[in-house]
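Heads up: the protein sequence lines correspond to chains A and B, in order.
Take the first sequence: its position 191, counting from 1, is numbered 191 in our numbering, and each next residue is one higher.
Take the second sequence: its position 229, counting from 1, is numbered 229 in our numbering, and each next residue is one higher.
Simulated from the structure, these hints should not be mistaken for lab results.
Keep in mind the model is a prediction, meaning the values are calculated, not measured.
Hints are supplied without guarantee of correctness; some may be wrong.
In the DSS-like style, the derived pairs of lysine-lysine whose C-alpha atoms are separated by at most 30 Å in a straight line are [said to hold, decoys possible]:
1. A:K36 <-> B:K108
2. B:K244 <-> B:K321
3. A:K138 <-> A:K221
4. B:K159 <-> A:K134
5. B:K159 <-> A:K138
6. A:K82 <-> B:K39
7. A:K134 <-> B:K108
8. A:K265 <-> A:K221
9. A:K311 <-> B:K198
10. B:K279 <-> A:K134
11. A:K138 <-> B:K252
12. B:K108 <-> B:K39
13. B:K218 <-> B:K252
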Amino acid sequence: MAKSKTNTEDYLTMYRQMVRIRTFEDNANQLYLSAKMPGLTHMYSGEEAVAVGICEALRVTDKITSTHRGHGHCVAKGAEFKEMFCELLGKEEGYCRGKGGSMHIADQSNGNLGANAIVGGSMGIATGAAFSAKLLGKDDVTVCFFGDGATAQGLMYEVMNMAALWNLPVIYACENNGYSEYTRTDEIAAGSITARAEAFGIEAHQVDGQDVLAVNALTQKLVDRARKGEGPFFMELMTYRYHGHHVGDINREYYRSKEEEKDWKENRDPIIRFRSWLVEEGIASEEDLDAMNAEIKQDAADAVEYALNAKYPDVSEVDMHVYTDIEHALARDTA
Amino acid sequence: MRNITLSQAVNEALAEEMRRDETVFIIGEDVAEAGTPFKVLSGLVEEFGTARVVDTPIAEPGFMGLAVGAAMTGSRPVVDLMFGDFIYLIMDQLCNQAAKTHYMSGGKLSVPLVLRTNLGATRRSAAQHSQSLHALVAHIPGLKVALPSSAYEAKGLMKTAIRDNNPVVIFEDKLMYNDKAPVPEEEYLIPFGEANIKREGTDITLIGTSSMVQVCEKAAEMLAAEGISAEVIDPRTIVPLDEKTLIESAKKTSRVIVVDEGHQSFGITGEIAGRINEKAFYHLDAPVLRMGAMDVPVPFSPALEDITVPTPEAVAENARKLMSGEMIHAA
Numbered sequence: 001m002a003k004s005k006t007n008t009e010d011y012l013t014m015y016r017q018m019v020r021i022r023t024f025e026d027n028a029n030q031l032y033l034s035a036k037m038p039g040l041t042h043m044y045s046g047e048e049a050v051a052v053g054i055c056e057a058l059r060v061t062d063k064i065t066s067t068h069r070g071h072g073h074c075v076a077k078g079a080e081f082k083e084m085f086c087e088l089l090g091k092e093e094g095y096c097r098g099k100g101g102s103m104h105i106a107d108q109s110n111g112n113l114g115a116n117a118i119v120g121g122s123m124g125i126a127t128g129a130a131f132s133a134k135l136l137g138k139d140d141v142t143v144c145f146f147g148d149g150a151t152a153q154g155l156m157y158e159v160m161n162m163a164a165l166w167n168l169p170v171i172y173a174c175e176n177n178g179y180s181e182y183t184r185t186d187e188i189a190a191g192s193i194t195a196r197a198e199a200f201g202i203e204a205h206q207v208d209g210q211d212v213l214a215v216n217a218l219t220q221k222l223v224d225r226a227r228k229g230e231g232p233f234f235m236e237l238m239t240y241r242y243h244g245h246h247v248g249d250i251n252r253e254y255y256r257s258k259e260e261e262k263d264w265k266e267n268r269d270p271i272i273r274f275r276s277w278l279v280e281e282g283i284a285s286e287e288d289l290d291a292m293n294a295e296i297k298q299d300a301a302d303a304v305e306y307a308l309n310a311k312y313p314d315v316s317e318v319d320m321h322v323y324t325d326i327e328h329a330l331a332r333d334t335a
Numbered sequence: 001m002r003n004i005t006l007s008q009a010v011n012e013a014l015a016e017e018m019r020r021d022e023t024v025f026i027i028g029e030d031v032a033e034a035g036t037p038f039k040v041l042s043g044l045v046e047e048f049g050t051a052r053v054v055d056t057p058i059a060e061p062g063f064m065g066l067a068v069g070a071a072m073t074g075s076r077p078v079v080d081l082m083f084g085d086f087i088y089l090i091m092d093q094l095c096n097q098a099a100k101t102h103y104m105s106g107g108k109l110s111v112p113l114v115l116r117t118n119l120g121a122t123r124r125s126a127a128q129h130s131q132s133l134h135a136l137v138a139h140i141p142g143l144k145v146a147l148p149s150s151a152y153e154a155k156g157l158m159k160t161a162i163r164d165n166n167p168v169v170i171f172e173d174k175l176m177y178n179d180k181a182p183v184p185e186e187e188y189l190i191p192f193g194e195a196n197i198k199r200e201g202t203d204i205t206l207i208g209t210s211s212m213v214q215v216c217e218k219a220a221e222m223l224a225a226e227g228i229s230a231e232v233i234d235p236r237t238i239v240p241l242d243e244k245t246l247i248e249s250a251k252k253t254s255r256v257i258v259v260d261e262g263h264q265s266f267g268i269t270g271e272i273a274g275r276i277n278e279k280a281f282y283h284l285d286a287p288v289l290r291m292g293a294m295d296v297p298v299p300f301s302p303a304l305e306d307i308t309v310p311t312p313e314a315v316a317e318n319a320r321k322l323m324s325g326e327m328i329h330a331a
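With the sequences and hints as input, model every part of the structure.
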């Protein structure tokens with residue numbers, strides 16, 4: 001594992017957050033499999049070190065934009081299980097009152113400007129948040145999460161150009177999990193991913209996305225520099241998605257082998273690796289970590305139970321929140 | 001009252017709002033020193049600097065998306081889209097992102113953004129610089145749409161748009177930038193969703209938007225000379241739409257023509273006609289008539305282009321037919 005100067009509490013927070021993401025996703029998957037969740041969802045399992053390594057280097061006031069595979073970013077930026085499960089189940093107490101669901105979950109109280117169901121759709125938003133910080137004289141940094149698949153979208157090149165021209169405090173975080181939906185990344189991406197950013201004069205780094213300390217150490221440096229006006233930056237985080245493109249993508253041997261999945265899960269799992277390191281370094285005992293896992297598991301079970309029993313929004317909410325200043329958009333002025 | 005051009009009116013509105021609120025900024029292609037190809041923004045960069053009058057690369061989706069993010073985080077961008085035709089380029093950022101963010105977040109996030117662009121044919125600019133595409137965005141819940149019909153409306157609606165906490169799209173008629181109208185020296189705002197009865201009448205209602213308000217007023221003059229009393233109404237915003245004023249007028253006159261420069265099919269004229277049919281049916285003495293631009297791409301040749309948009313003569317002619325009962329049996 002990479003060395004870092006963070007303290008014991010920070011290490012345990014990173015471990016806790018990674019386990020919280022994995023546990024959240026295991027529960028979300030079960031909700032789908034047991035037909036208790038409306039629609040589909042996209043699992044973040046396997047990529048935990050990316051979201052946690054990055055978000056642990058951010059302040060609450062820093063912003064992130066997220067993707068359709070966004071539960072990990074949301075948890076890592078500080079969201080609570082209860083409001084998240086309520087949102088996944090379309091309940092009134094969800095972060096978005098059930099109007100967004102898994103693919104649009106947003107938590108503005110923690111600086112999460114929202115997941116986006118358009119691949120690459122949030123790159124403009126992230127760059128604009130960084131523009132805003134600069135215009136308003138704030139030192140907030142924005143991290144734009146996106147996948148390798150999104151590097152094929154033209155918007156990315158337009159906004160990286162502007163971010164570089166104007167030295168915006170934005171970090172483009174490309175989570176390269178090797179697959180663009182159901183297609184291998186090397187079939188859709190010519191050349192190098194980091195070279196795309198370098199073409200604009202943006203400093204780009206490739207990092208092992210399964211090593212939370214490496215991700216965190218790099219992000220801390222880049223965030224500090226971005227805060228001082230040295231941005232933008234680009235990170236390519238090499239990672240792996242354990243599930244299919246979404247929870248319903250079960251039979252996937254036509255695009256990747258079970259052996260490959262097994263190798264990543266058994267030999268490169270970010271939680272197993274970090275756990276071994278914590279124990280080896282004497283930061284925590286196996287018992288401590290087991291207790292933490294059990295506590296998180298119970299938290300998740302409680303939140304799921306709560307969300308299953310929570311109420312749906314009243315049907316009168318259907319035309320609320322269309323506009324900020326019109327309570328019910330369909331209540332037309334009639335003659 | 002002094003007379004100023006529509007272009008000066010927009011410029012004044014932006015300058016006043018930028019002085020009032022430091023979070024307002026302008027972003028788009030050639031908005032700073034160039035002041036846009038129409039010179040609407042001339043002088044603003046000298047007063048507010050390049051940090052708030054921001055020239056971008058030619059990358060409409062990029063700067064539109066950037067503006068959405070800026071609006072979500074405390075700024076109030078005014079996006080300058082050089083030609084309304086370029087709206088196709090920014091549809092994802094406008095319709096999937098800006099329009100839906102407040103709703104998808106359950107009311108937690110908002111996008112106080114103004115998209116300034118234009119409409120209008122007969123400038124000999126052919127099919128990709130002449131379209132009137134306001135119906136496209138009026139179709140999308142979450143966006144407000146304003147259509148100023150003179151310098152007075154252009155200033156008052158712009159100031160209201162900048163203070164609105166929702167994404168607002170303003171289409172200025174690019175052929176009217178040099179048209180002068182009386183505009184007060186003192187500050188004023190025009191609220192959204194309030195139609196303006198430009199001319200009162202009793203026999204027929206002419207509802208016109210943007211450039212078509214002038215067309216309807218000229219038609220009303222011609223009809224007045226023939227003893228037909230036409231009422232002319234400018235909705236000023238189509239989202240929200242002041243249905244009440246339109247329907248009351250329809251009930252009063254019993255005959256309505258809706259005139260708009262967007263393509264006639266699936267457009268603004270059909271929407272307004274539909275609402276009047278639903279809510280004033282028993283008061284009507286004739287079908288509500290739609291007059292939009294021809295359903296053809298805008299042609300370059302002046303001989304062809306001029307016949308694609310409604311004219312005062314054509315509106316007056318249809319009004320005479322409605323008055324004589326001819327249209328009732330037309331089908």
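Outcome of the hint check:
| no. | hint | verdict |
| --- | --- | --- |
| 1 | A:K36 <-> B:K108 | holds (26 Å) |
| 2 | B:K244 <-> B:K321 | holds (26 Å) |
| 3 | A:K138 <-> A:K221 | holds (19 Å) |
| 4 | B:K159 <-> A:K134 | holds (25 Å) |
| 5 | B:K159 <-> A:K138 | holds (26 Å) |
| 6 | A:K82 <-> B:K39 | violated (54 Å) |
| 7 | A:K134 <-> B:K108 | holds (23 Å) |
| 8 | A:K265 <-> A:K221 | holds (29 Å) |
| 9 | A:K311 <-> B:K198 | violated (50 Å) |
| 10 | B:K279 <-> A:K134 | violated (51 Å) |
| 11 | A:K138 <-> B:K252 | violated (57 Å) |
| 12 | B:K108 <-> B:K39 | violated (38 Å) |
| 13 | B:K218 <-> B:K252 | holds (21 Å) |
Against the hints set out earlier in the document, violations occur for numbers 6, 9, 10, 11, 12.
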